[in-house]
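Residue numbers (my numbering), protein chains in the order written: chain A, 1 to 331; chain B, 332 to 809.
Heads up, none of these hints are tricks.
According to the in silico footprint, chain B covers these stretches of chain A (three or more CB under 8 angstroms from chain B): (1) 38–47; (2) 53–60; (3) 286–292.
Under the rule of at most 20 angstroms between Cα atoms (straight-line distance), these lysine to aspartate or glutamate pairs were calculated in the DMTMM-like manner: (4) B/K402 <-> B/E391; (5) A/K280 <-> B/D450; (6) A/K61 <-> A/D277; (7) A/K276 <-> B/E337; (8) B/K369 <-> B/E384; (9) B/K658 <-> A/D277; (10) A/K57 <-> B/D661; (11) A/K61 <-> B/E337; (12) B/K369 <-> B/E518; (13) B/K756 <-> A/D213; (14) B/K766 <-> B/E736; (15) B/K480 <-> B/D583.
Hints are computed from structural coordinates only; laboratory data are not their basis.
Don't be surprised by glycine CBs; every beta carbon is placed ideally from N, CA and C.
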Amino acid sequence: MPTTVPAYGKEAAGRLASMADVTASDGALRRFLHGLPGVDAVGLQARAATLGTRSIKTTAKAYAIDLAISMIDLTTLEGADTPGKVRALCAKGINPDPLDRTTPKVAAICVYPDMVATAKEALTGSGIHVASVATAFPAGRAALPVKLADTRDAVAAGADEIDMVIDRGAFLSGRYLSVFEEIKQVKETCRREDGSYAHLKVIFETGELQTYDNVRRVSWLAMLAGADFIKTSTGKVAVNATPPVTLLMLEAVRDFHATTGVQVGVKPAGGIRTTKDALKYLVMVNETVGEEWLTADWFRFGASSLLNDLLMQRQKLGTGRYSGPDYVTVD
Amino acid sequence: MSSAFEYAPAPESRAVVDIAPSYGLFIDGEFADAAGGKVFKTVSPANEEVLSEVAQASAEDVDRAVKAARKAFEKWSALPGAERAKYLFRIARLIQERSRELAVLESLDNGKPIRESRDSDLPLVAAHFFYYAGWADKLGHAGYGADPKPLGVAGQVIPWNFPLLMLAWKIAPALACGNTVVLKPAETTPLSALFFADICRQAGLPKGVVNILTGDGSTGAELVAHPDVNKVAFTGSTEVGKAIARTVAGTDKKLTLELGGKAANIVFDDAPVDQAVEGIVNGIFFNQGHVCCAGSRLLVQESVQDELLDALKRRMSTLRVGDPLDKNTDIGAINSAEQLARIKALADAGESEGAERWAPACELPDSGYWFAPTLFTGVTQAHRIAQEEIFGPVLSVLTFRTPEEAVAKANNTPYGLSAGVWTEKGSRILWMANKLRAGIVWSNTFNKFDPASPFGGYKESGFGREGGRHGLEAYLDV
Numbered sequence: 001m002p003t004t005v006p007a008y009g010k011e012a013a014g015r016l017a018s019m020a021d022v023t024a025s026d027g028a029l030r031r032f033l034h035g036l037p038g039v040d041a042v043g044l045q046a047r048a049a050t051l052g053t054r055s056i057k058t059t060a061k062a063y064a065i066d067l068a069i070s071m072i073d074l075t076t077l078e079g080a081d082t083p084g085k086v087r088a089l090c091a092k093g094i095n096p097d098p099l100d101r102t103t104p105k106v107a108a109i110c111v112y113p114d115m116v117a118t119a120k121e122a123l124t125g126s127g128i129h130v131a132s133v134a135t136a137f138p139a140g141r142a143a144l145p146v147k148l149a150d151t152r153d154a155v156a157a158g159a160d161e162i163d164m165v166i167d168r169g170a171f172l173s174g175r176y177l178s179v180f181e182e183i184k185q186v187k188e189t190c191r192r193e194d195g196s197y198a199h200l201k202v203i204f205e206t207g208e209l210q211t212y213d214n215v216r217r218v219s220w221l222a223m224l225a226g227a228d229f230i231k232t233s234t235g236k237v238a239v240n241a242t243p244p245v246t247l248l249m250l251e252a253v254r255d256f257h258a259t260t261g262v263q264v265g266v267k268p269a270g271g272i273r274t275t276k277d278a279l280k281y282l283v284m285v286n287e288t289v290g291e292e293w294l295t296a297d298w299f300r301f302g303a304s305s306l307l308n309d310l311l312m313q314r315q316k317l318g319t320g321r322y323s324g325p326d327y328v329t330v331d
Numbered sequence: 332m333s334s335a336f337e338y339a340p341a342p343e344s345r346a347v348v349d350i351a352p353s354y355g356l357f358i359d360g361e362f363a364d365a366a367g368g369k370v371f372k373t374v375s376p377a378n379e380e381v382l383s384e385v386a387q388a389s390a391e392d393v394d395r396a397v398k399a400a401r402k403a404f405e406k407w408s409a410l411p412g413a414e415r416a417k418y419l420f421r422i423a424r425l426i427q428e429r430s431r432e433l434a435v436l437e438s439l440d441n442g443k444p445i446r447e448s449r450d451s452d453l454p455l456v457a458a459h460f461f462y463y464a465g466w467a468d469k470l471g472h473a474g475y476g477a478d479p480k481p482l483g484v485a486g487q488v489i490p491w492n493f494p495l496l497m498l499a500w501k502i503a504p505a506l507a508c509g510n511t512v513v514l515k516p517a518e519t520t521p522l523s524a525l526f527f528a529d530i531c532r533q534a535g536l537p538k539g540v541v542n543i544l545t546g547d548g549s550t551g552a553e554l555v556a557h558p559d560v561n562k563v564a565f566t567g568s569t570e571v572g573k574a575i576a577r578t579v580a581g582t583d584k585k586l587t588l589e590l591g592g593k594a595a596n597i598v599f600d601d602a603p604v605d606q607a608v609e610g611i612v613n614g615i616f617f618n619q620g621h622v623c624c625a626g627s628r629l630l631v632q633e634s635v636q637d638e639l640l641d642a643l644k645r646r647m648s649t650l651r652v653g654d655p656l657d658k659n660t661d662i663g664a665i666n667s668a669e670q671l672a673r674i675k676a677l678a679d680a681g682e683s684e685g686a687e688r689w690a691p692a693c694e695l696p697d698s699g700y701w702f703a704p705t706l707f708t709g710v711t712q713a714h715r716i717a718q719e720e721i722f723g724p725v726l727s728v729l730t731f732r733t734p735e736e737a738v739a740k741a742n743n744t745p746y747g748l749s750a751g752v753w754t755e756k757g758s759r760i761l762w763m764a765n766k767l768r769a770g771i772v773w774s775n776t777f778n779k780f781d782p783a784s785p786f787g788g789y790k791e792s793g794f795g796r797e798g799g800r801h802g803l804e805a806y807l808d809v
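Bound conformation, chain B alone (with noise of 0.2 angstroms):
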């Protein structure tokens, strides 16, 4: 929208945070380089920027870190629960106290808007550490059984979507539960992690019980292959968590996954339409659509259609793509080169199989990945952007008649992760709510994450719960 109330920028500084040029590998709660001395860069997806350089682990690297991680489970399980809480509650202050720095650094590496990651990303970071601090004692009032037992050392590998949650939302519980893990972080993102490795230093965390390793796909694979590991926790895409299931299969470790989604956001007639705009966009262009539970895929009650549609792209046109350091920015870059050209792709294939595309006027920034909020209309269920994931801040357009022909449509997918639901009629939402096969359905809401609410899909979205006290489950020999 162009105005004579242009806002001025108004960038957070970088200064609070101190990146170094390069880092290792933490393991046993030191830093060290990689064993073949093999490095490579992070970039800034906003500006192609080298941040850093990190260290690429090997096989030989993931032998010591699970080694460390083994040693350090015999005293940490030990530990009675509220000496382990004592180390939570301490690492949920520090990220606290740190946020500013670490919302910073992560809208960096990511090229997420520092909107989100100083008001959504790392209060939920600390909320995270904070709730399974508050678990770490009452483990036996878990409804596990009177005394479960942790299950050892877990190898956990996280995406680059959301850096730090997805840290938390693995380590946080595992700790809980009087577990050691090995962490691997995207190749793209992993900053953050290892200035969370810091943290665990600060908070005076037991050597080992904490294991950083950095490095591309391969270094998941000998973690997650490794006879050592108990336990595999896996965030990412559905591809990779096939073949870490294989990689799994006929071992003794335990599994969780939690993959792609192509969640079904429906409208009907009688939403609360500003709400439901306001649902849309946070739900799909939230994270630029980097978010494995979006709502991608409107399905709107075609009575309302036109109207929906017009406020819809009204609130478009107010999106404000850019710097995502800048306090006003909505939309930031796209992570890396390689996700948008899939984004590319998968967006001219849905105008080539007839779609409509539709994408409000911004200017994008000349260097860096970006990828202006786009709308496709006239979409079916044949069309590809209504099958697969985008991953991406596009939106799918469907329309329906009836509640049965939604829940058809919304089920109709190879994913299971989320779904939701939009209308003033309370018995409505519940019947849905029971129709619809999603881990998690929100009813005139989109996008909201607590730390006590279990997430987790159905079918090819991937199996087991994090959050919440079912969150426990996966981290206990139950």
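Bound conformation, chain A alone (with noise of 0.2 angstroms):
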């Protein structure tokens, strides 16, 4: 697992740099985001459907169990999280099947800022990175400057990732420059003291966005502020992640690159639990943005209970016989 934080090449912050415009008023970036190309609800559903019947078997299946694997965010984000309990996440992340020592570590594990510095020792030395959602996580409904002193709380305990939540309601009454600011500014609390950032995740929760045209608009704002990682939902709403919004952020990722050379990664979350899902998803990455998006640096999965089915279809294969789940650890 590479630890580090893409940073954008010289080339790439001056292709980046030459769009400062449409950012530089409410209007410019108003113009900008309703001039991107349509989405055809009926067309993108039907793609999403289609990238969905490849059958994956075999060799294919093992790698992209494995692969599935190395790119979840193992996530507890409960009230009732307790320091015991994060260890015990923390060491599933690193172990995630006892009895099959050749299984891969998990990307992250992701956690309340205040679980932060447990799971950063828990973790130390497996190169599991930590993730906190930050910003009045999953609400979002806190003055800026609460926001701002929950991220630095989290990055000065150690965060490698920041999951940081958009103001929906900014972004849904048209405030889009409110929101672009919002999401520079956590960047810029993300930073380190030695100059490096931790990495930043923007959550938009889709569901709430209701339209795909308001989606494509919501990742390239957030890319265009600074954003690592764009990311559908907070798994904490009716509906999340959705094979259709996921298609959509990777095809908003792919014309960001094209347009200014930068690479962001793409995270659902929420509502993924099968191998099966999971390996639609995989394939939608690879028929869509190809194998540079197919690892963990660039795709995450988010997921409490994902892991326990891919390990279950990875004994499957390993022995030719479904298990059942208490071959799989509870937590």
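Using the hints, put the two standalone chains together into the complex.
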């Protein structure tokens, strides 16, 4: 697992700077975002469904299962979280299948800011990142200084990655520049003392944004503001990651990369529970943005229960037999 | 696209379909050898393997089949509509029950990917029978008079691109209206029609209501010319369609023709780009481009040409060409050596006339008939590849600057089967749809079919409509 935060190349930074005029004013930003190609909902859903019919078997399946495991942000985001629970989750992330030490590690452990130090300690030397949901997660309804303080705490406690939520109210009321500024400031707050940055994942809560056009606009907005990753949802609302929304976000990062040279990662989160679903997402990555994105650096699954299903499928491929829930650990 | 994530082969099992070494003609509810004893072979275009041997029907066989259909017509047409509907519903359900078997068979005999025969063809085949079963007892409400009468014996000749689907388009409305049929499937794809004959028996359909004659063009010509045929329906090439029209001229036979096409797929600068790219791919590479309504001419607004073509090429690079029975195959085999030669000749003409040829890097199998998905840029209206129907996975790209120019170029063809418009502007879609001389105009989609929607052409794309309420007219005395 490479641990470097992708830095903008010089040339890329130049190209991004050349887009600075689109964020010069609220009006300019609105005109730019509304000038992006529209999304035909029927066509988008049909494409996502078609990608879902790829048949992944044998060697490809074994490869994809290991890849999916290595892309998981293993998550616990509950009010009832305890240091013990977090430590158990960390242990599982390091060693997902105690019966098979060839199983890859997960990409990150995702916790609330107050658990970052615990997780950081438990993961020492493992190479697994600690991700923290900051910025008044999940609603994001707090004053900006509060959100920034939240972020600062998490970074100070050692978080490698910050998952921030955007102000959906501001976005839906058309105050795009305000959303842009907020992301920029959080990104700045991700800066560590040594000058490096914690990885910034921007959560849109696409279920609340309602339209696909909004999803494309918010994707570009976040990328222009410096997001390292764009993420579908918090996992705390009724509609979380869906294949069409993830496909659309992949198309957005692909186009952004082509325009600016800046590569941005994608993280669907919430509701991805089965190996079958995870493989469909990997197919989508493979055929939309390609191999370059098929690593934990550029694609993640935000999930808590997906890992066990992947482990059971992995055991099945290895032994030819299905085991059962008692052959994987509960936490 | 080469990737560390290479999909392992995922072939559909051939075991679900049992192909006999030889088949006779299906006349009056029985399989029988051809009178002359002549047979021909049908091969799998993916590997040239001989699948089976089928009978070559002669004039004598055509006469026997028409006589059987004539005899069956008396009772069949006298049945109450609701009774005919029962048979059609039964056939529809049997098709659904046997859909996996039929999909594999269709992919073997035709070369089309199992993904399409399984997900497109078979569901539509069943849907057509269900749809027209629903009309059988409501003909008085179709707008053709209180008690419209059937025509009699329908002689139907269908092409090789959608063997079972074209059969459904022909047979379902004919039977619903009370006609009996003699159908000739294409020479290269006769098997699914013979399996359908078995389904008719399974459904207990009265003898002689459906007769299937396999054979080549000469069998079709005999059938079309038979004096006791009341209605001729043909789907296929414009050339053959014209010959049929000449044969039928001066007789009291009713005729519908569904012929070639050279559809324009028009992309405006405000189109939903990603979905337009999917629509272009679906428009021309669906079924290896063996689609009469294929969007074979891409008209793209000059201002977005580069962006769109980049996206299209990137997408074409992900298309998987190969074994039709592999569930991950997007593009299967060209149906016959003859068709492959025609595609090659036209593509070469495109190059020699100055258009720029592009195809993604893809490995084609050693045996069988294959052609990589191909794109021509810099095409003008004067090029053969902008005028002639290629009937293969070859897309000609032209540009336009204004909506008027798009309409003028789109209509500047001897054909008029279909067209596509891609724009986020609703008013422009409606304006275009009124101006385009085509039987179907799709907006922000392409190659979508539904039994309730009429299908047919303008100009050299033929006349008459299939599907929907309109499709009944061709089989009723109105």
